[in-house]
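Starting from the known structure of chain A, fit chains B and C onto it as the hints suggest.
As they're listed, the protein sequences go chains A, B and C. If you read the first sequence in my numbering, its first letter stands for residue 1, the second for the next number, and so on. If you read the second sequence in my numbering, its first letter stands for residue 295, the second for the next number, and so on. If you read the third sequence in my numbering, its first letter stands for residue 589, the second for the next number, and so on.
If you are wondering where the hints come from, they were derived from the structure by calculation, not from laboratory data. Take the hints with a grain of salt, since some may be wrong.
Cβ-to-Cβ under 10 Å is the rule here; a few derived chain C residues that face chain B [what the hints assert, rightly or not]: (1) Glu594; (2) Leu598; (3) Asp627; (4) His630; (5) Pro634; (6) Arg646; (7) Gly777; (8) Leu835; (9) Arg842.
Away from chain A, derived, C-beta distances all over 10 Å, residues of chain B [said to hold, decoys possible]: (10) Val357; (11) Pro358; (12) Thr403; (13) Asp444; (14) His473; (15) Pro501; (16) Arg502; (17) Gly539.
All figures in this text were calculated on a predicted structure; none of them were measured in a lab. For each residue, glycine too, the CB sits at the ideal point set by N, CA and C.
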Amino acid sequence: MGRRYETVSLLTDYGVADEFVGVVKSVIRDLAPHATLLDLTHGIRPYDVRAGSLALARAIPYVPEGIVVAVVDPGVGTARRAVAVEVADGAGVLVGPDNGLLAPAVAITGGATRAVELTNLEYQLEAPGATFAGRDVFAPAAAHLCNGVDLAELGPAVDPTLLMPGMVPLPRMESDGIHAEVLWVDRFGNCQLNIGPDELDEGIAGPRPDTVAVRIGDQQRAARLATAFAELPSGMLGLVLDSHGMLALALDQRSAAAELSLAQGDPVIVAGLDEQETGAALGGVTSPVELRRP
Amino acid sequence: MGRRYETVSLLTDYGVADEFVGVVKSVIRDLAPHATLLDLTHGIRPYDVRAGSLALARAIPYVPEGIVVAVVDPGVGTARRAVAVEVADGAGVLVGPDNGLLAPAVAITGGATRAVELTNLEYQLEAPGATFAGRDVFAPAAAHLCNGVDLAELGPAVDPTLLMPGMVPLPRMESDGIHAEVLWVDRFGNCQLNIGPDELDEGIAGPRPDTVAVRIGDQQRAARLATAFAELPSGMLGLVLDSHGMLALALDQRSAAAELSLAQGDPVIVAGLDEQETGAALGGVTSPVELRRP
Amino acid sequence: MGRRYETVSLLTDYGVADEFVGVVKSVIRDLAPHATLLDLTHGIRPYDVRAGSLALARAIPYVPEGIVVAVVDPGVGTARRAVAVEVADGAGVLVGPDNGLLAPAVAITGGATRAVELTNLEYQLEAPGATFAGRDVFAPAAAHLCNGVDLAELGPAVDPTLLMPGMVPLPRMESDGIHAEVLWVDRFGNCQLNIGPDELDEGIAGPRPDTVAVRIGDQQRAARLATAFAELPSGMLGLVLDSHGMLALALDQRSAAAELSLAQGDPVIVAGLDEQETGAALGGVTSPVELRRP
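Chain A on its own, in the form it takes in the complex:
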């Protein structure tokens, strides 16, 4: 027997309008009644593997020891593998599809120490039709791991270096500024970019300014650097060091996403005020930099 686990944390794109999540939990509760279930979120946009991987990466430093079941699985029923990935010498096991969803979280926890493909039918449920992987494969795997079944029992070992890598986009440093992307729009309309403080310093020459230029399509706006949403005067756009240590476009008590018509995946250029003007003059569409909303 292997180590037993007490907690199963769940992240899916199943939503809560249907009973999908309830059935996954039912299977785990039935097989491993001692385990506590913890919902990370089930609100990932359907099939959006990257958004799921980012949400899991943001959460994982806080997730308690135990099992994580993560399912955003557009390739269910194809040749994509179902896997369980052990991290931190067994302090945790991440269970889900091998499509990049787990990769950033695995990296953050220090990398995989073991991995297996979930092929042992003895530890799966039989489906009355198409496989519902969350219910039939991932939930039973999580429950059996909680019960002390060793990872190696669930299927053949997989070389962790051959797991599908994650899909986190890197910003590009160009002559007209940092070409970034909106990673995540949260409930409050804050738009997290794929830029941390180091990239900001790298991409903008000289000492860190108080205000930067932000270009979105042919809109151009000034954004104040801040370390708390509430530092922003009413209506002033901010580039805030958010609670994950990334930079986010934000307005105090209002939705920056609505104000700027920004959605996940949209490109954003961040530059020093001078550089941006130069860049724009060199070939871009220009518009006055607004320090305040009109």
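Coordinates of chains B and C only, in the frame set by chain A:
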């Protein structure tokens, strides 16, 4: 004292925007602190007893032993009875309104072994105004059952054969095909029909074809029979044996409901390609069968 | 060591689309694995402190002994204090921002017996950027309280009488009727007003009538007094003594909010039929009182 229970599984149309579900759980937790609460779903459309009964029926084979509280209750405050229905010789008790909501799940678990009407005020909460049945009647009943109160204490016995039956519609076999109905549109836009493989074989003459005709209003489409969503070429409509063993209209990684403008309750005719053409020629509006999207 | 607690009940405006709630729960589970987590709701409209305070007030009579974490916190990062408020001589502790959110619930439980400001960094998490108060301050406070850390350890005492009061609006008795307000529109479209039975008797002269006049903007409608939604004939507007002992505008099995175009915060005048006619004649816009929908 009767048997004690460890799990209370919940299914309602309360949504999660209000604190309704939280209050129901609070009452149970307060009265029976040892019980674990498990949400099946709270996203049933308000007052949609049939949708609730179908979701409960899909979930019930996986629900752990214990109590189920199910509340979709348009008749709250009227003469409709509040009941507790014991199944599987006491392995489970379903608690809710006697309006058909529980009936399919009770049938799937083998039928009621006992039932009572929840009229004993000693096991209810007093409301400051109108009765909130989930909070004042069903939650306390569930908690007291968990604590070992016998079903018979909660109120007078009800003849299980006199409980309100369920409302699952049956398909009709007609000369132009199987007249079916959309039972459920899930988060991914898959449209589950009230047809299983047996009805398909019964309704379509000859050996089971690879492709069938599907008529929705005056649209006509070809649908490929499949056992996994991912078997479908991009844009190809499928009639997939879903994870509950029912046939569902589906597209790979896209919403069939959006593509076909289908909603729960909509009629759908499924036929062999030849039959359907004949049927259409006999009187229907016809349109070319598209094997692929244009 | 102080008293230990077994339950942490949660109410926030975080929604469930992001992993915010999951991370808060992860922190509590990690620090206090014995505690059970109970979601009251996370569907409070972003930044709507009053709506959050009302939902918490409706729930609090049912919440089990233990810790409550409530977060609707537009002022996060400003000088607003983070507090923990002990009630009922330690039977419960409410943790959250000192912005009025907790006040009505504290009052309902009999008032604060102790309060502290959460400033002891030893019982907080360090944030990689801006403080995420739910994760970094409130969740650890709740967990440490569960573990028996005394309230006084979490920070300096605060005089409970100096906590921010709540913001529950009172109805006004005017010559043309009771000037009330929609406190809450629930999932079913019922519109709870800030009027209880006593205010109704006070504001409408003579014995309590069967039917009252309700004025919303320049619409005027008759509403039948009822003690259950199902008492209302189809399409008849009711003023129902709801399950919290407040009066709510309601229709049987339909949304009164949709029918009357009412939203939270909207003004509503309730009057005797005669008074209302007089009031209207004195200066208001008049329209026929409809006893039934046309």
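Here is how each hint holds up against the structure:
no.	hint	in the structure
1	Glu594	7 Å, holds
2	Leu598	8 Å, holds
3	Asp627	6 Å, holds
4	His630	7 Å, holds
5	Pro634	12 Å, violated
6	Arg646	6 Å, holds
7	Gly777	8 Å, holds
8	Leu835	9 Å, holds
9	Arg842	9 Å, holds
10	Val357	5 Å, violated
11	Pro358	4 Å, violated
12	Thr403	13 Å, holds
13	Asp444	23 Å, holds
14	His473	22 Å, holds
15	Pro501	20 Å, holds
16	Arg502	15 Å, holds
17	Gly539	3 Å, violated
The structure shown violates the earlier hints numbered 5, 10, 11 and 17.
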